[in-house]
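Protein chains in written order, with my numbering: chain A, 1 to 356; chain B, 1001 to 1356; chain C, 2001 to 2356.
None of these hints come from the bench; they were simulated from the model.
One thing to keep in mind: the hints can contain errors.
Among chain A residues calculated to face chain B with C-beta under 10 Å, some are [as the list claims (entries may be wrong)]: (1) N11; (2) A40; (3) T53; (4) G193; (5) M213; (6) T214; (7) E217.
A virtual CB, placed ideally from N, CA and C, is assigned to each residue, including glycine.
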Amino acid sequence: MSANSKSPTGNFFEDFYIGQVFHHATPRTISDGDSALYIALTGARQVLSSADTVAHAMGYQRRVVDDLLAFHIALGKTVPDISINAVANLGYAQVKFLRPIYAGDTLSSKSTVIGLKQNSDGKSGVVYVQCEASNQNHQIVMTWIRWVMVRKQDTAAPAPTTVIPELDKVVDVNHLSVSADISYQLFDTQITGSDYVWDDYEVNEQIHHPSGMTIDESDHTLATKLYQNPARLHFDATQSTYQKRLIFGGHIISVCRALSYEGLENALTIAAINGGSHCNPTFAGDTIYAHSQVLDKWQLPNREDVGALRLRLLGVKNERLQDASMAMREENGKRIYQPNVVLDLDYTVLMPRKTK
Amino acid sequence: MSANSKSPTGNFFEDFYIGQVFHHATPRTISDGDSALYIALTGARQVLSSADTVAHAMGYQRRVVDDLLAFHIALGKTVPDISINAVANLGYAQVKFLRPIYAGDTLSSKSTVIGLKQNSDGKSGVVYVQCEASNQNHQIVMTWIRWVMVRKQDTAAPAPTTVIPELDKVVDVNHLSVSADISYQLFDTQITGSDYVWDDYEVNEQIHHPSGMTIDESDHTLATKLYQNPARLHFDATQSTYQKRLIFGGHIISVCRALSYEGLENALTIAAINGGSHCNPTFAGDTIYAHSQVLDKWQLPNREDVGALRLRLLGVKNERLQDASMAMREENGKRIYQPNVVLDLDYTVLMPRKTK
Amino acid sequence: MSANSKSPTGNFFEDFYIGQVFHHATPRTISDGDSALYIALTGARQVLSSADTVAHAMGYQRRVVDDLLAFHIALGKTVPDISINAVANLGYAQVKFLRPIYAGDTLSSKSTVIGLKQNSDGKSGVVYVQCEASNQNHQIVMTWIRWVMVRKQDTAAPAPTTVIPELDKVVDVNHLSVSADISYQLFDTQITGSDYVWDDYEVNEQIHHPSGMTIDESDHTLATKLYQNPARLHFDATQSTYQKRLIFGGHIISVCRALSYEGLENALTIAAINGGSHCNPTFAGDTIYAHSQVLDKWQLPNREDVGALRLRLLGVKNERLQDASMAMREENGKRIYQPNVVLDLDYTVLMPRKTK
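The following block holds chain A by itself, in its conformation from the complex (with noise of 0.2 Å):
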């Protein structure tokens, strides 16, 4: 009897190399279930993955993809090859939402390694890859960088070359794709119950967005498994240091998404996500609140109906931040955060302009 011997083991850190590309397993086909349980999931009312008519009036084909449910499901197919022995997932950045994605489309994950660094007790070391994901026709639809710190399983194999990627802290505007099929100029504010758009945000204005949301246990083991991502920290307590499962970062970040809906109606759709931490872990039971910080805003080339917002999205649980700046402190250049906030991420949204 040879037991285990097909059972996939993945990747250690010393099975990686520079240059080295996984085209990941199993490509998904999004529906309107998807999307359904999307929005039972999260709670989201972002407009354009929630009407046609609205969507299909600007110029989409239809109503689209919600950017995270795809990003979360492309993101899903990498974790076989790259962080089923993962320590910790440390960050992402350079995260390019390139392409509506429509229900019926196809999407394939592909990572190259970008970046290894053996940490200095020859246990473990991060891993950098560049992702992007493609539709079934082969055209990209979102790219992303992220990293994360992968056991060895022989602590005896020799260090890699140290090489650390450079990493954009932030997707320059230029680089934002806005499509020119897409129109902002007629879109009617009634349709979100705002009239606030993008003249209206300031630099550093704060929105303390009203509602919160308790997570229960199967809101995020329903979402990891619809989004086929096999970390098993997140099924099974006893692969959790904390004894307990760990709620899904990526759930989080939808959640606060979705609540982060009241204050921001007209953030029309996700161009890019600047980088993020969860900065705490998040349990069942935990009632999640959001905030917001308008950290930049942009025009974009060419576009006189639509602009950028680049937001901070702050998620604590179970008691409200009164102000942004009280999330963390910096101690010797270390980010310190408070125990109650659990997501401080930085993306840049689309908002339609003032018409003249």
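Fit chains B and C to the given chain A structure using the hints.
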């Protein structure tokens, strides 16, 4: 910093005036995914929402979106403008289901204020709204009246002139919508497994539906998020006077309707909801049972293939009701419900008649 | 008042007779929404139900409805007539998957009584039914045999003549349905991430699937409602001898099949279920692990591109199994399972063969 400036506060009692019209935000395209989730959340087996073949044979384009799924979505859209500051949802009346809704239809809701009455303590008041939901072709698919008790923000604001609309206790049989395109003539009761049709039910007859259903927390939070209904006391325990999340009343209606399938298999569609009350709160862990009583039966104008039954649907928790008469007693003209009665709904269904 | 007169009581043991045919109620159209939920509930990653592109390239119209999703729905339809008064679900055999099912297909189920044996205490008996599910074109898509122990209502009713059908222990390889329209020839194993194909598996080989999955109460209640299976002990704790809701056995099969993806990535479809038992009950909070053992491997008539593997799928709770041989022992010809073994399923899958 101007925190909360863009955070919507909703309307308070003093913000409403007679004749005021709300075009509610964020239209919603309903999909087969919503219908699948509705079945998973409620256990609904009503055949017209279950089988394309059966619906098509009767003259429908295909299976229809469950009446209550559509109602919950349409009503959910009114919450941010009408009842986000509600102290209590007092009732609804004259709910009329006017047209079948199919997957792919996009619903929008609109409300008009038709009644106002400030409470004697000056801290809140009752708002009556006449509501309608339309599809993407601007056809009205559903109308209803609802009244809620809403807080005042500025208790010094003057009381409006009291206007209390006259409400029909029952939707008249002549106002029920029964499409000429739909034939019940050839409906084969083998499809639902019950021979009982309109002719077989007698006024005052009771049906004790045999199955029960324990409600899990996630059942109603998934449902309420699916309906994009942001009423906060269902999501955030701190917003509920019970210090735990209150089960969304609409979910109880849906569960009771689903349980009532066993004994009312041929109650194919809901034509109207005449009125209803959520008599006591339901919480996660409660097991719901349903009892029906035939309140009235009517022939329909110019139709020999289908008749209307007016039904009382009682929902009880954790122990069954011996008899509908034990659900409540009247004291000084006020209804006092048994503590285990959670729903008393008065509604009208369409049912095939015996073929001659 | 004639309470309960219309409330269906289902059939008791004395109501069944050999040759009796049931056309079960309420056909069901399966949609992409059902498939999305199935993925969310089970974590299934089997590629033919995940990606249109892959399924289409092999000759399918598009991705297929998961075999087990269709089976659970088809079987659920038989419950109100056959097993609503069951004391125990004893087994199934000769489950054959005959045709692919696509979103949009409408399934109906039919059962014929082929065996009866009253128990010696005269209070219950075993009913054997031969079942089939058909699509909207009256094509049989699935057949199976099932036997259940059903209570007698009238213990004075005479015992029927005992008829025990002969059951094949294994569906013969020549009876497996492998469509000539479907080609495994060009199947690219990069799609599933595993190189292992039919040729690589050896009889008696074991695979210890690495992931586990904790079952939440809502996982199985959502699943069972989705399948419109009204068996009461899953919904109402008072109906279960355990005083808590019993996890639906079909959900355990699905979870184990999903977990078995890691190590059996190219087990593309289920051709047959030869038999199976739910050895011990599962409850919410249990964590399920899966182990597989290759029982047999067969070439298929006239096919060089695809072969059949007969597999044993063991599901265990809360602790892993060291070896399949430890799952049970035989005592006096009776199988005594370890208390943590919850599933012992014998089934046959189709897997691509090495291209020459």
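Outcome of the hint check:
1. N11: Given a least distance of 34 Å, the restraint on A/N11 is violated.
2. A40: Where the cut-off is 10 Å and the nearest Cβ of chain B is about 4 Å from A/A40, the hint holds.
3. T53: 5 Å, holds
4. G193: 3 Å, holds
5. M213: 5 Å, holds
6. T214: With Cβ-Cβ at 6 Å, under 10 Å, it holds.
7. E217: Holds. Min distance 8 Å.
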